[in-house]
Amino acid sequence: MTHAANTPTAPNSLTVSALDADALDRLNAIIARHAGREGPLLPILHDVQADFGLIPEAAQPIIGNALGMSRAEVYGVVSFYHDFRERPAGRHVLRLCRAEACQSMGADALADQVRAALGLDWHETTPDGRLTLEPVFCLGLCACAPAAQMGDRLMGRATAQRVVAMVGGAR
Amino acid sequence: MRIWVPVDAAARALGADEVADAIRREAAARGIDIALTRNGTRGMVWLEPLVEIEIDGVRHGFGPVAPEDVPALLAGPAGHPLALGPVDDLPWMRAQTRLTFARVGIIDPLSVEEYQAHGGLAGLRAALAAPDRIVAEITDSGLRGRGGAGFPTGIKWATVARAAADRKYIVCNADEGDSGTFADRMLMEGDPLTLIEGMAIAGVAVGATQGYVYIRSEYPDAIRAMDSAIRIARGAGVLGASVLGSGRTFDMEVRVGAGAYVCGEETSLLNSLEGKRGVVRAKPPIPALEGFLGKPTVVNNVLSLATVPWIMANGAAAYAAHGIGRSRGTMPLQIAGNVRHGGLFEVAFGLSLGEIVTAIAGGTASGRPVKAVQVGGPLGAYFPPSLFDTPFGYEEFAGKDGLVGHAGVVVFDDTADMRALARFAMEFCAIESCGKCTPCRIGSTRGVETIDRIAAGDLEAVPVLTDLCNTMKWGSLCALGGFVPYPVLSALEHFPDDFTGRRVRVEAAE
Ligand SMILES: Cc1cc2nc3c(=O)[nH]c(=O)nc-3n(C[C@H](O)[C@H](O)[C@H](O)COP(=O)(O)O)c2cc1C
Ligand code: SF4
Ligand code: FES
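As they're listed, the protein sequences go chains A and B.
Taking my numbering, I'd label the letters of the first sequence as residues 107 to 277.
Taking my numbering, I'd label the letters of the second sequence as residues 22 to 531.
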């Protein structure tokens, strides 16, 4: 998580070439929506990711300029948090809990079975871009472990069969 | 016919939405007139989805209900095989002292009317009637921070109240990253107005006008509930330019975390709120004097703040009457992992760990013997059954090198591999370290390697691991690096065979 500290601080250059006009409009609208708030960066990054599916590299100097931060500072924040992606995820993200309470109810074996059934390792995406598999450390469902989540769907006492069925229904 | 189906995430994870849909469909098909409320959970997660139906003015429970049970349930609730009787009479409910969670599972979480009918806003009214008394009242109640460190809440508030500044903040720590804990989530989903009321009281007490609830992104349901509740509270005049017409201003908003465990540490959380990397700040300055944006800031856990309205409504003495030693009041225990009866159980401090695991949790779900219990999240020690007589209290647990923390109780049966769990603790620390200090950043990775050496049969790595843990304990800036030695060393101390057993067995066979 610390590698960003070594990134040299460069002056903001507006390398917007990677964002087309429409994307730039959307980005500026997001920035405008939050700019007046106290500590606007995380809300902006969450909205950018919700809209773009990731934090585009080309968006970072623009956000930095708007908030009076260097692009390296923005990159430092983006790279610090597990939630922010620099590469796109699949259309659906399946998260399996790997934390202790779920381990006590067989989360490790569950993860092995699901990974084998889906042919995916942690952080991998299916070739058709349908599904990404990610670990998560606690979903607050520890009294009905092991737990899984896909979008708005939560699953307690998860079994490989039910997880695979849930994933199969997601196009 | 009045019916309740919990909207809590744990109930949803066990099919509550499908059950609610089935009830609506079936009622329409039969022409039954129903009023369906999506309540919080009563905390009996093993019975979820727990449907409640009002019969002669009493709420009767049925659970766990599946959608296919619904037709028979609506046709004849009284004799249904899933009938549990009046919910308030169930042993799990009767054995509790529900103060912080008094309304959770009972009311519609977003109804100000039901909130007030069940005692809501009485604390805020009492606070507004005597604002100068609030800090003393909270101090006298003996309330200590429920987020883990157990610092007296009243003393923290007094520091912020005394600080002179043009702007002060109340920040609620709803990062709840500890495995085995979910009380913050259940409260925010089941009775969010209580947290809002507690934050408003804190604001009045210290002279803060703005609040933030920092909720982890892994809790979308809680985020939704808090957002709605804040809007509703504003509409009802609980928040805004003149709180309940008092002329005092307090407003608040939700902020969403971004998947970093360390952001539960209060200074890391403040950096994150400010839009920075979630790196831990050195103290001093303490957040009470220089917190969010450099201003005096109260940072409190959800449960600490949500307990404040009860104390203000019922008095410090009534709260302090519960508990043992310096652990006053009640603690919402979160019973999790390999247990028969998992869920939320609020009770005065003082039960022994054994009573919690055996009598309340009912032993393991697998039916196998209990091997270890981890209390207080990923930085808490693993206790073997020989420590089951430890009373649940801050000092009592610390005296056994353990942690009450946020009161998550995670039970493991005899199939648990304590070496693997110790390795996991180090690995988790390596993944989540903020990187500021070497013992934590480098030490955790070295810890994983050292445990792997032990696993490979290198017994000389055992003292290396012990030394490393000592370095991390004393050389880390915050409790992530500083406390991860507790699960590791407790596993090593109480379950040495899991570390060295293979080697010992091999030698014995030779
Ligand atoms: C690594 C780490 C993680 C923490 N996570 C949380 C958390 O998720 N929630 C919380 O309330 N406190 C957490 N704390 C404790 C906070 O730093 C702080 O003590 C607490 O928010 C103060 O509130 P309280 O006095 O009401 O407990 C954490 C501490 C550390 C070192
Ligand atoms: S102990 Fe770890 S998490 Fe805490 S400040 Fe040091 S590096 Fe950061
Ligand atoms: S440990 Fe898996 S949901 Fe909490």
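These are calculated hints, taken from the structure and not from any lab test.
There's no promise every hint is true.
Chain A is faced by these chain B residues, among others (derived, beta-carbon under 8 angstroms) [stated by the list, open to error]: (1) Phe203; (2) Tyr240; (3) Ile253; (4) Glu295; (5) Arg298; (6) Arg302; (7) Ala303; (8) Asn359; (9) Thr492.
Don't be surprised by glycine CBs; every beta carbon is placed ideally from N, CA and C.
Hint check:
1. Phe203: holds, 4 angstroms
2. Tyr240: holds, 6 angstroms
3. Ile253: violated, 21 angstroms
4. Glu295: holds, 5 angstroms
5. Arg298: Given a least distance of 4 angstroms, the restraint on Arg298 of chain B holds.
6. Arg302: Since chain A brings no Cβ nearer than about 15 angstroms to Arg302 of chain B, farther than 8 angstroms, the hint is violated.
7. Ala303: violated, 17 angstroms
8. Asn359: holds, 4 angstroms
9. Thr492: violated, 19 angstroms
Comparing the model with each earlier hint shows violations of hints 3, 6, 7, 9; every other hint is respected.
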